[in-house]
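Engineer: Use the sequences and the hints to build the structure in full.
If you're matching them up, the sequences are chains A and B in order. At the far end of the first sequence sits residue 428, using the UniProt record's numbering, and the numbering has no gaps. At the far end of the second sequence sits residue 428, using the UniProt record's numbering, and the numbering has no gaps.
Possibly wrong hints are sitting among the right ones.
Coverage of chain B stretches by chain A, computed from C-beta distances (three or more under 8 Å per stretch; other residues unrestricted) [unchecked claim]: (1) 62 to 68; (2) 347 to 354.
Subject to a maximum C-alpha distance of 20 Å in a straight line, what follows is the list of computed SDA-like cross-link-like pairs (lysine to any residue) [stated by the list, open to error]: (3) 74(B) <-> 195(A); (4) 132(A) <-> 115(A); (5) 32(B) <-> 343(B); (6) 74(A) <-> 32(B).
The following label-pair restraints were derived from C-beta to C-beta distances [said to hold, decoys possible]: (7) 278(B) <-> 122(A): 37 to 45 Å; (8) 31(A) <-> 119(B): 39 to 47 Å; (9) 253(B) <-> 135(A): 54 to 62 Å; (10) 155(A) <-> 253(B): 57 to 65 Å.
Quick caveat, the hints were computed from the structure, so don't treat them as lab data. Predicted, not measured: the structure shown is a model, and the values here were computed from it. C-beta: ideal position from N, C-alpha, C; glycine also.
Take a look at the letters that make up each chain.
There are 2 protein chains.
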Amino acid sequence: MSSVAEKKQSRRRVVVVGGGFGGLKAVAALRKAEVDLTLVDRRNHHLFQPLLYQVATAALSPAQIAQPIRAILKRQRNVDVVLDEVTGIDTTARQVLTRSGPIAYDDLILATGASHAYFGHDHWQEAAPGLKSLDDATALRRRILNAFEQAELSEDAAERQALLTFCVVGGGPTGVEMAGAIAELAHRTLVHEFRRIDTRIARVILIEAGPRILAAMPASLSAKAQQGLERLGVTVRVNTAVTDCTQTSVQVGAERIDCRTIVWAAGVRASPVGSWLGANVALDRAGRVKVNPDLSVPGLPGVYVIGDAAAVNMAGGKPVPGVAPAAKQQGRYVAGLISRQVRGQSAPPPFAYVDQGNLATVGRGEAVVDLGWLKLSGLPAWLFWGLIHVFFLIDFRNRITVSLDWIWSFVTDGRSARLITEGERKQP
Amino acid sequence: MSSVAEKKQSRRRVVVVGGGFGGLKAVAALRKAEVDLTLVDRRNHHLFQPLLYQVATAALSPAQIAQPIRAILKRQRNVDVVLDEVTGIDTTARQVLTRSGPIAYDDLILATGASHAYFGHDHWQEAAPGLKSLDDATALRRRILNAFEQAELSEDAAERQALLTFCVVGGGPTGVEMAGAIAELAHRTLVHEFRRIDTRIARVILIEAGPRILAAMPASLSAKAQQGLERLGVTVRVNTAVTDCTQTSVQVGAERIDCRTIVWAAGVRASPVGSWLGANVALDRAGRVKVNPDLSVPGLPGVYVIGDAAAVNMAGGKPVPGVAPAAKQQGRYVAGLISRQVRGQSAPPPFAYVDQGNLATVGRGEAVVDLGWLKLSGLPAWLFWGLIHVFFLIDFRNRITVSLDWIWSFVTDGRSARLITEGERKQP
Chain A
1 MSSVAEKKQS
11 RRRVVVVGGG
21 FGGLKAVAAL
31 RKAEVDLTLV
41 DRRNHHLFQP
51 LLYQVATAAL
61 SPAQIAQPIR
71 AILKRQRNVD
81 VVLDEVTGID
91 TTARQVLTRS
101 GPIAYDDLIL
111 ATGASHAYFG
121 HDHWQEAAPG
131 LKSLDDATAL
141 RRRILNAFEQ
151 AELSEDAAER
161 QALLTFCVVG
171 GGPTGVEMAG
181 AIAELAHRTL
191 VHEFRRIDTR
201 IARVILIEAG
211 PRILAAMPAS
221 LSAKAQQGLE
231 RLGVTVRVNT
241 AVTDCTQTSV
251 QVGAERIDCR
261 TIVWAAGVRA
271 SPVGSWLGAN
281 VALDRAGRVK
291 VNPDLSVPGL
301 PGVYVIGDAA
311 AVNMAGGKPV
321 PGVAPAAKQQ
331 GRYVAGLISR
341 QVRGQSAPPP
351 FAYVDQGNLA
361 TVGRGEAVVD
371 LGWLKLSGLP
381 AWLFWGLIHV
391 FFLIDFRNRI
401 TVSLDWIWSF
411 VTDGRSARLI
421 TEGERKQP
Chain B
1 MSSVAEKKQS
11 RRRVVVVGGG
21 FGGLKAVAAL
31 RKAEVDLTLV
41 DRRNHHLFQP
51 LLYQVATAAL
61 SPAQIAQPIR
71 AILKRQRNVD
81 VVLDEVTGID
91 TTARQVLTRS
101 GPIAYDDLIL
111 ATGASHAYFG
121 HDHWQEAAPG
131 LKSLDDATAL
141 RRRILNAFEQ
151 AELSEDAAER
161 QALLTFCVVG
171 GGPTGVEMAG
181 AIAELAHRTL
191 VHEFRRIDTR
201 IARVILIEAG
211 PRILAAMPAS
221 LSAKAQQGLE
231 RLGVTVRVNT
241 AVTDCTQTSV
251 QVGAERIDCR
261 TIVWAAGVRA
271 SPVGSWLGAN
281 VALDRAGRVK
291 VNPDLSVPGL
301 PGVYVIGDAA
311 AVNMAGGKPV
321 PGVAPAAKQQ
331 GRYVAGLISR
341 QVRGQSAPPP
351 FAYVDQGNLA
361 TVGRGEAVVD
371 LGWLKLSGLP
381 AWLFWGLIHV
391 FFLIDFRNRI
401 TVSLDWIWSF
411 VTDGRSARLI
421 TEGERKQP
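Structural biologist: Shown next, in the form of structure tokens:
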């Protein structure tokens with residue numbers, strides 16, 4: 001026993017914080033390395049975030065886009081999964097501090113992702129929740145479905161119209177997808193289910209501060225997406241800055257839009273990695289850690305930040321975008337770097353991001369895809385989008401059930417997860 | 001318009017409270033009757049309660065065993081669905097009182113089901129939650145999965161054993177199914193996923209006050225079920241009364257069992273129908289309304305109680321059991337009675353319960369079935385049980401995805417819905 005323990009002690013200890021796309025990829029890529037891995041996450045599941053909006057709009061169930069981290073890593077024997085909350089990092093003692101005690105590391109990979117940014121208006125959060133976790137998604141689902149139920153019960157026409165007004169703030173992929181999905185819910189799925197209201201009077205307003213939606217895409221695809229949304233009945237308002245959010249309205253300039261549901265899809269802010277690492281570490285405006293070209297933190301050898309929590313530039317000087325493929329590539333890169341060190345090999349060249357393209361779905365049979373060499377819109381783009389997403393869903397069973405649910409709702413206009421749970425129906 | 005309104009006014013108004021098996025069957029059976037129906041429920045979904053334990057033990061997702069009531073009744077034009085909480089009944093003015101206002105009725109069908117009974121120890125509820133709603137099930141799922149996670153983090157052997165001790169109180173079908181499913185989770189699904197604990201040391205204890213489990217079944221099948229549970233590693237303790245439940249233990253006589261998870265499956269208590277109807281209405285010990293042979297409430301013409309909220313005897317004098325088929329039969333009976341009245345036909349003969357048999361599942365490939373003329377156990381019983389349950393699941397899509405999930409877990413020992421959500425990980 002003792003020789004095994006000693007042998008274990010002599011192995012390099014790599015701690016990964018965060019079981020998202022980046023962290024999980026780093027762990028998987030260290031599968032064959034002679035290291036002792038620990039993956040710490042405060043949630044027990046890996047989340048396929050790109051489909052979170054489908055949970056929020058009742059098309060998919062939480063379990064269909066999430067997998068227990070332990071189950072994913074069941075067969076990888078060199079990793080220990082810890083379900084715990086990180087409270088800080090002691091970079092001198094080289095320990096990750098958690099609620100149940102410290103975890104020592106030789107190398108540390110921080111992959112903690114991002115949360116919503118309200119640009120100095122954190123009090124908007126309650127009125128305008130964002131979409132990052134399963135809990136966010138089920139809370140939003142409850143809010144959206146309850147708005148229809150309350151409208152059905154309301155005797156007041158103005159109140160009814162406010163209940164049936166949905167504002168989505170932010171015209172990036174999440175905002176576009178949410179707006180499209182809410183419009184489909186109101187104008188297709190729920191039609192004929194209510195007796196007193198006509199759900200088709202529901203208004204869905206997508207508000208974007210910049211000059212066009214999907215700013216990361218070519219202008220032609222932004223225009224296609226906007227047309228697609230408008231066909232679904234979404235009102236797209238560009239060059240429109242939100243100046244206040246309350247439980248009953250969104251303020252845009254001098255105009256007040258009465259609404260009961262606001263979805264915040266406007267900005268991200270890196271998780272508290274910056275504060276964990278101390279005042280000497282430089283952050284960008286979104287709270288991301290400015291890392292070296294090899295993704296290590298300046299001044300803290302053996303500490304790496306990847307994914308949405310890291311700020312690093314591409315060769316041209318543009319920042320690497322906060323998307324799943326970037327996080328995965330960075331996870332793989334750092335894992336490779338550590339593996340080379342363990343084997344005594346030379347350092348790899350700096351991290352280089354490979355842009356695999358951009359895609360966003362608008363609604364049933366409607367998406368936009370930009371692969372650089374290929375631009376698609378409409379049904380071909382939507383089929384491509386579906387294929388890609390199903391392919392990347394982590395396990396085989398989920399691929400089948402998600403495909404089935406999509407085929408089902410394509411055929412019937414139904415949505416499979418329209419549950420209001422937790423009795424939290426007391427809204428203003 | 002006015003003639004339509006007058007015509008509508010002259011139609012009989014039937015209000016159904018509760019969208020469970022009984023209420024939904026009553027509504028469906030009044031599909032062609034010349035009545036105006038209103039179905040009131042405080043939840044937006046019909047729940048397939050017999051499979052709730054599978055949500056609590058992470059085998060199925062909530063959406064797989066629940067369907068929006070509006071979606072179920074979409075094509076039935078004579079029914080208005082109201083999502084609201086009933087606060088009382090004014091039997092003089094003939095109105096159901098809800099949070100958003102009164103609903104007038106000519107006939108009233110109360111199908112509000114039952115909740116847990118703690119036999120005068122309501123303070124046990126927090127330590128020993130029961131299983132009636134989706135929220136109960138996801139809360140229990142969180143508690144069970146967290147127990148394993150906390151055991152993995154614990155340094156203390158006694159604490160670890162207590163975390164891995166699961167007590168199920170009550171040896172009816174729900175208790176048997178919960179005990180079997182937790183044992184499978186610990187002894188099969190989670191094995192190899194933890195690095196520090198061996199989940200096979202988990203103890204599952206099924207505690208029954210009576211002389212045998214599944215008392216409604218023939219003794220031979222009770223014995224088979226007990227053997228099946230014991231093969232799965234469940235400790236079955238009959239003739240054992242629980243005298244106290246706390247957050248850290250169950251007291252049985254002089255013995256204290258240290259445990260962190262208690263599941264209450266010992267008793268049901270009718271929902272507050274009794275108190276709504278006033279002091280003149282007779283209730284049995286479980287709070288059920290003692291109804292006439294035609295399921296109407298004595299002294300309240302046009303008011304009917306069905307399902308778990310009603311106390312009515314079979315021809316032999318034994319009470320009609322609180323099971324889904326009984327609720328459905330009663331819903332159909334009262335609907336028929338009202339239809340006959342509307343058409344001016346004579347009253348039907350008193351309600352007669354047709355016993356379709358009893359069944360309970362123990363674990364993978366193991367169940368007991370008693371149809372009177374046929375008794376099954378083991379794999380044949382389990383296949384029969386699966387067939388029946390899939391067949392009765394409300395819609396076609398759910399049948400497919402549930403079947404897939406069952407086949408999947410049969411083949412892999414996996415469970416598809418192992419999510420700990422809502423961050424509520426702060427347990428003692």
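Engineer: Mind listing which of the numbered hints don't hold for this structure, in increasing order?
Structural biologist: Failing hints, ascending: 2, 6, 7, 8 and 9.
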